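Each residue of the sequence shown is one higher than the one before, starting from 0 at the first, in numbering that gives the first Met the number 0.
These are calculated hints, taken from the structure and not from any lab test.
Note that the coordinates shown come from a computational prediction; the quantities given were computed from them, not determined experimentally.
We put the beta carbon where it would ideally sit given N, CA and C, even for glycine.
Possibly wrong hints are sitting among the right ones.
Now the in silico label distances, taken between C-beta atoms and shown as ranges [as the list claims (entries may be wrong)]:
| no. | residue 1 | residue 2 | range |
| --- | --- | --- | --- |
| 1 | A145 | A92 | 31 to 41 Å |
| 2 | V48 | D24 | 18 to 28 Å |
| 3 | T117 | S66 | 15 to 25 Å |
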Amino acid sequence: MTDLVITRIFDAPRHLVYRAFTDPDQLAAWFGPIGWTVPRDTVDMDVQVGGHQRFTMINDEDPSQTSPANGTYVEVIENELLVGEESVAHIPAFGTDVMRLRLEFFDEDGGRTRLVLTQGPFPEQWASGAREGWGSSFTKLDKVLA
Numbered sequence: 000m001t002d003l004v005i006t007r008i009f010d011a012p013r014h015l016v017y018r019a020f021t022d023p024d025q026l027a028a029w030f031g032p033i034g035w036t037v038p039r040d041t042v043d044m045d046v047q048v049g050g051h052q053r054f055t056m057i058n059d060e061d062p063s064q065t066s067p068a069n070g071t072y073v074e075v076i077e078n079e080l081l082v083g084e085e086s087v088a089h090i091p092a093f094g095t096d097v098m099r100l101r102l103e104f105f106d107e108d109g110g111r112t113r114l115v116l117t118q119g120p121f122p123e124q125w126a127s128g129a130r131e132g133w134g135s136s137f138t139k140l141d142k143v144l145a
């Protein structure tokens, strides 16, 4: 088992990058790797400790392929930190009951933002696919923030 850690610099101020993760319209506009979309009507968020984030990614070529997400926020500091947990007990290959996603937002020079994403634990063989998925999603996020 391993935790995935990704650091990414976005050419946008911290409050806008944070909003991309917490505003349902924004999340639907970019989330999911290229080839997947998140229909706005599937997004439901209550961004506070104990609140939830629910949405469904749908494969563009085969809409019968879906990937629902249903997380609970366990830490929230506006424009600084989002931490969520999601049950993965229904996926035996994970070997754990809960996966955690931690997003830390930092100011960078020039009005940019450094995001540090930590997600896991993952089975070793799944971590590279998750890294590729986030990278692809962040390419879409770059366009939304531009």
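Please name the hints from earlier in the document that this structure breaks, with their numbers sorted from lowest to highest.
-> none
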